[in-house]
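Here the protein sequences come in this chain order: V and D. Quick note, the working numbering runs 305 ahead of the 1-based positions in the first sequence. Quick note, the working numbering runs 38 ahead of the 1-based positions in the second sequence.
Just to be clear, a hint being listed does not mean it is correct.
Claimed, not checked - Lysine-lysine pairs mimicking BS3-like chemistry, simulated, CA-CA at most 30 angstroms apart: (1) Lys76/D to Lys451/V; (2) Lys328/V to Lys153/D; (3) Lys803/V to Lys655/V; (4) Lys740/V to Lys798/V; (5) Lys402/V to Lys142/D; (6) Lys76/D to Lys654/V; (7) Lys798/V to Lys142/D; (8) Lys328/V to Lys405/V; (9) Lys452/V to Lys655/V; (10) Lys153/D to Lys453/V; (11) Lys451/V to Lys328/V; (12) Lys153/D to Lys451/V; (13) Lys452/V to Lys740/V; (14) Lys405/V to Lys153/D; (15) Lys655/V to Lys153/D; (16) Lys153/D to Lys654/V; (17) Lys594/V to Lys142/D; (18) Lys76/D to Lys328/V; (19) Lys142/D to Lys452/V; (20) Lys594/V to Lys76/D.
Rather than coming from a laboratory, the hints here were simulated on the basis of the structure.
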Amino acid sequence: MINISVLLIFIPVVVSILIYLFKWKHMNLIAFASQLLITILAVIYYNEFSANFEMTHIVLGGWDERIGISLANDNLSMSFIFLSIFSWWMVMLYTFKWGKTEHTFLFFLMFLQGVFLGLLQSNDLFNLFVFLELATIIVAILIAYKKKGESFRSAIYYLMLNVPAMLIFLTGIIFVYYTYGSINIFALTEEFRDVDDTIILRFSYVLMMAGISVKAALFPVFSWLPKAHGVAQSPISALLSGLIVKGGVYLFFRMNFLYEGAGFAYSDFFFFIGAMTALVGVMFALSQKDMKQILAFHTVSQVGIIMMGVSSADEEIFFGGILHTFNHALFKSLLFLGAGIIISVYRTKKVSEIRGVMKTMPVVSVLMIVGMLSITGAPFFNGFISKSIIMYGFADQGVRYWALYIVNIGTATSFVKMSQIFFGPKTLSYPLKNKAQNITLMFFALGCVMLGNFYIPFTEGFFGIPFDDITVASLSNIFDYFLTLSIAFVFYKFVIAKDYLPVRTVRNTQISFENGNLLFLIYIVAMLMYFIII
Amino acid sequence: MDDIYGIFKGGTLMNPILTFLVVLIGFYGLSSSDNIIKSVFSVTIIESGVILLFLNLGNFEGGAIPILSEGVTSIVDPLPQALMITTIVIGSTVTALSLMLCIKVFHHYGSVEWKEVLSREDVKS
Chain V
306 MINISVLLIF IPVVVSILIY LFKWKHMNLI AFASQLLITI LAVIYYNEFS
356 ANFEMTHIVL GGWDERIGIS LANDNLSMSF IFLSIFSWWM VMLYTFKWGK
406 TEHTFLFFLM FLQGVFLGLL QSNDLFNLFV FLELATIIVA ILIAYKKKGE
456 SFRSAIYYLM LNVPAMLIFL TGIIFVYYTY GSINIFALTE EFRDVDDTII
506 LRFSYVLMMA GISVKAALFP VFSWLPKAHG VAQSPISALL SGLIVKGGVY
556 LFFRMNFLYE GAGFAYSDFF FFIGAMTALV GVMFALSQKD MKQILAFHTV
606 SQVGIIMMGV SSADEEIFFG GILHTFNHAL FKSLLFLGAG IIISVYRTKK
656 VSEIRGVMKT MPVVSVLMIV GMLSITGAPF FNGFISKSII MYGFADQGVR
706 YWALYIVNIG TATSFVKMSQ IFFGPKTLSY PLKNKAQNIT LMFFALGCVM
756 LGNFYIPFTE GFFGIPFDDI TVASLSNIFD YFLTLSIAFV FYKFVIAKDY
806 LPVRTVRNTQ ISFENGNLLF LIYIVAMLMY FIII
Chain D
39 MDDIYGIFKG GTLMNPILTF LVVLIGFYGL SSSDNIIKSV FSVTIIESGV
89 ILLFLNLGNF EGGAIPILSE GVTSIVDPLP QALMITTIVI GSTVTALSLM
139 LCIKVFHHYG SVEWKEVLSR EDVKS
């Protein structure tokens, strides 16, 4: 029973290797079978331990628990495990036709799942590093999978920015290990409860957080994300934006739990960074013309909103942020996959050149509209719930409330812009109907609507917070949404659509590789100054 | 600042401050060079710096290699060495992958300069 957590890592990895070794025609059926097995095992595991998660801590190989490889789960990691298994189901369904021939793709996909499930469950710091680094390598290969020039250059840009960040994370682990003699997260959490607040502790926190920030694509160091997610193939972009970026966010709050006892976690610094991330992401998204670039920059801004939530010590705002993580995974995957279908039919990524999607592909359009309503926070869709919860928490803190409000207006504007693709006459026929792809979109849309209306049992089951004291669907919130939408429409009509000079300037702003690294160094120095000197 | 200094009490192979400098040299290379291959080397340099730092801090004067045999009483901490082997393996993978990507980038763009590669619009493969 207890070894199921190992099996969750082991099965996908072994199956992926089998797929790569024996390139049979129906290998993707084996992948589906293993996926089913993982799902059943995860459900059994959750049923077994949901009452008592302390039992799930295992140390592999019989080593001392303070230094050995260990795995452990709690409600948070279990909910992420279910989310990732669901996402992988969907991506495998979407790429059902590839699965018969593209064995290499299936190999990397399944391997990445094993690595990601390991990352979620790992309970020692060095293993976290190993899984993160493995995920980085596999993601770089997946980005380059299209084998075009732009995918190769994005892959190496991604790799060269992320690997140094991971090494900085490792340096943080070094300082923790030599000061406290352990790398086990449970042992360290106990230790940090009653240590003095020392410089070395803060130093390790800063180094770890700096590394994680790059993985989560926070404000000054997000430059790799639009490059990578904008050029990868759509199912891969969906997986990267929906889930792999969340790996960084997941580590962010894992580390905050770890350093909670020391007293300087949950600082305003990360709220500020989150707000900047959201604003800058929206600003760039507004200026883009490429459909996938718009979606990729929205991932940056939505991660900013999540950070605004999870950097708060207030429990409701914190879980609002985590709920937004789930919602974002659903609607962003939906949008990327839908955009993928549209792009493959129209053979262009330019928003201004795609028109009449509603008449050409009615099913895809309706599902895309569900995704757009969710991301802009329309009532009774999931984005609305989590944004309202976060906003409710900030209601009496003027600046924070307005920062989120501006981000919402920006998001709405950019999707008003993108929704222009639906209008117009039918320009081409749509001969290639792919049922598996439509079913995938339907599942994601269903998830958006379900979480938008019945979120209370979900949050109560996983996080123990029902949120039933917040009336989310109040009249004022609904009015707020329509106000936001009308402001967005006016803003689009009179500013963005005219393509003024500032918009063009932002669009042409490129962060070069050297400047990306320089920004990373500046970010570390800023964190050092905030946490150690002040 | 005592505790910062306290952690540096080991280090007989090389001063840990020097390994920090190695890391900084790597970052200097990353943020100043326009060449992709030089960037790959810079990442390798950073990695070597981090590995040296980890091994250094676990080392002390008179510590024997961590293999149990007769007459050996004080050994150095074996855990960092186990961890660093893993890091070296991962690092070599990263280097191999990034050099492969360099070759592919060169095939498509005819250049390994970041500025030139990133500024190109569309490429016919």
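Verification of the supplied hints:
1. Lys76/D to Lys451/V: 25 angstroms, holds
2. Lys328/V to Lys153/D: 40 angstroms, violated
3. Lys803/V to Lys655/V: This hinted pair holds, its Cα atoms lying about 16 angstroms apart.
4. Lys740/V to Lys798/V: 36 angstroms, violated
5. Lys402/V to Lys142/D: 27 angstroms, holds
6. Lys76/D to Lys654/V: 33 angstroms, violated
7. Lys798/V to Lys142/D: 43 angstroms, violated
8. Lys328/V to Lys405/V: 9 angstroms, holds
9. Lys452/V to Lys655/V: 21 angstroms, holds
10. Lys153/D to Lys453/V: 18 angstroms, holds
11. Lys451/V to Lys328/V: 20 angstroms, holds
12. Lys153/D to Lys451/V: 22 angstroms, holds
13. Lys452/V to Lys740/V: 27 angstroms, holds
14. Lys405/V to Lys153/D: 39 angstroms, violated
15. Lys655/V to Lys153/D: 24 angstroms, holds
16. Lys153/D to Lys654/V: With Cα atoms ~24 angstroms apart, Lys153/D and Lys654/V stay inside 30 angstroms; holds.
17. Lys594/V to Lys142/D: 28 angstroms, holds
18. Lys76/D to Lys328/V: 38 angstroms, violated
19. Lys142/D to Lys452/V: 9 angstroms, holds
20. Lys594/V to Lys76/D: Given that 30 angstroms is the threshold and the Cα spacing comes to 33 angstroms, the pair is violated.
When held up to the earlier numbered hints, the structure conflicts with 2, 4, 6, 7, 14, 18 and 20 and fits the remainder.
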